[in-house]
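Novice: Here is how the chains run, residue by residue.
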Amino acid sequence: QKEVEQNSGPLSVPEGAIASLNCTYSDRVSQSFFWYRQYSGKSPELIMSIYSNGDKEDGRFTAQLNKASQYVSLLIRDSQPSDSATYLCAVNNKGGSEKLVFGKGTKLTVNP
Amino acid sequence: GAVVSQHPSWVICKSGTSVKIECRSLDFQATTMFWYRQFPKQSLMLMATSNEGSKATYEQGVEKDKFLINHASLTLSTLTVTSAHPEDSSFYICSAREGPSTDTQYFGPGTRLTVL
Chain A
1 QKEVEQNSGP
11 LSVPEGAIAS
21 LNCTYSDRVS
31 QSFFWYRQYS
41 GKSPELIMSI
51 YSNGDKEDGR
61 FTAQLNKASQ
71 YVSLLIRDSQ
81 PSDSATYLCA
91 VNNKGGSEKL
101 VFGKGTKLTV
111 NP
Chain B
1 GAVVSQHPSW
11 VICKSGTSVK
21 IECRSLDFQA
31 TTMFWYRQFP
41 KQSLMLMATS
51 NEGSKATYEQ
61 GVEKDKFLIN
71 HASLTLSTLT
81 VTSAHPEDSS
91 FYICSAREGP
101 STDTQYFGPG
111 TRLTVL
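Going down the list, the protein sequences come from chains A and B. When the letters of the first sequence are read in order and numbered with this note's numbering, they come out as residues 1 to 112. When the letters of the second sequence are read in order and numbered with this note's numbering, they come out as residues 1 to 116.
Note that these hints are calculated values from the structure, not bench results.
Calculated pairs, BS3-like style, for lysine-lysine (alpha carbon to alpha carbon, straight line, at most 27 Å):
id, chain 1, residue 1, chain 2, residue 2
1, B, Lys-64, B, Lys-20
2, B, Lys-20, B, Lys-66
3, A, Lys-107, B, Lys-41
4, A, Lys-56, A, Lys-67
5, A, Lys-104, B, Lys-66
6, A, Lys-42, A, Lys-104
7, B, Lys-66, A, Lys-99
8, B, Lys-14, B, Lys-41
9, A, Lys-99, A, Lys-42
10, A, Lys-42, B, Lys-14
11, B, Lys-41, A, Lys-42
12, A, Lys-99, B, Lys-41
13, A, Lys-99, A, Lys-67
14, B, Lys-66, B, Lys-55
15, A, Lys-67, A, Lys-104
16, A, Lys-104, B, Lys-41
17, B, Lys-64, A, Lys-99
18, B, Lys-66, A, Lys-42
19, B, Lys-55, B, Lys-20
20, B, Lys-41, B, Lys-66
21, B, Lys-14, B, Lys-64
22, B, Lys-41, B, Lys-20
23, A, Lys-99, A, Lys-56
24, A, Lys-99, B, Lys-55
25, A, Lys-104, B, Lys-64
26, B, Lys-64, A, Lys-42
27, B, Lys-20, A, Lys-42
28, A, Lys-99, B, Lys-20
29, A, Lys-56, A, Lys-107
30, B, Lys-14, B, Lys-66
31, A, Lys-67, A, Lys-107
32, A, Lys-107, A, Lys-42
33, B, Lys-41, B, Lys-64
34, A, Lys-56, A, Lys-104
It should be emphasised that the depicted structure is a prediction, and the values quoted were computed from it without experimental measurement.
Build out the structure end to end from the sequences listed, making use of the hints.
Specialist: Okay, here's the thing in structure tokens:
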């Protein structure tokens, strides 16, 4: 059973702090990893993709991947109230299904 | 780039009627589109994978005769909810993948269906 696990939260951080969101996956051959942001009542929006071990930075967002530990994380620096949303981790195994397997999401609240 | 649209954004219908939802990739050709359903405060649930020119692949537990999917062109996929009932009320979201060389999915804005 291919699974993606996330802490459902809620995770609360003060404005300006670093928010750290974590995700683990069970399928060792997974090759592609994505973070989506979903505001309440809206559809998911792609934030970042990461394919190789290490860090990938895009503005205030940094994705970290550790394939040996089957772990992917998202750091949000200088968190803003507008970052308050549910963050979905998604994983794809190119060698198998073309589907993305989504975690249940972590709800983040950034307090002004 | 990579914009996906859905129409309508919301629809209210009577029980027993059919509803068609369109999903379009606006600035790229999508060989594969996906249909998801999301109930309030729950996670995304994949309903089916739609490949252009072929039959959709449905997830276990999803009735293919109730949720008809057509992917007639590289920019359009449709989901028809046939004989809708109140329990079909949900948020339906499509996503599109740019091509076989990428597995990034871009989501449409979703369609909120309410069946009375």
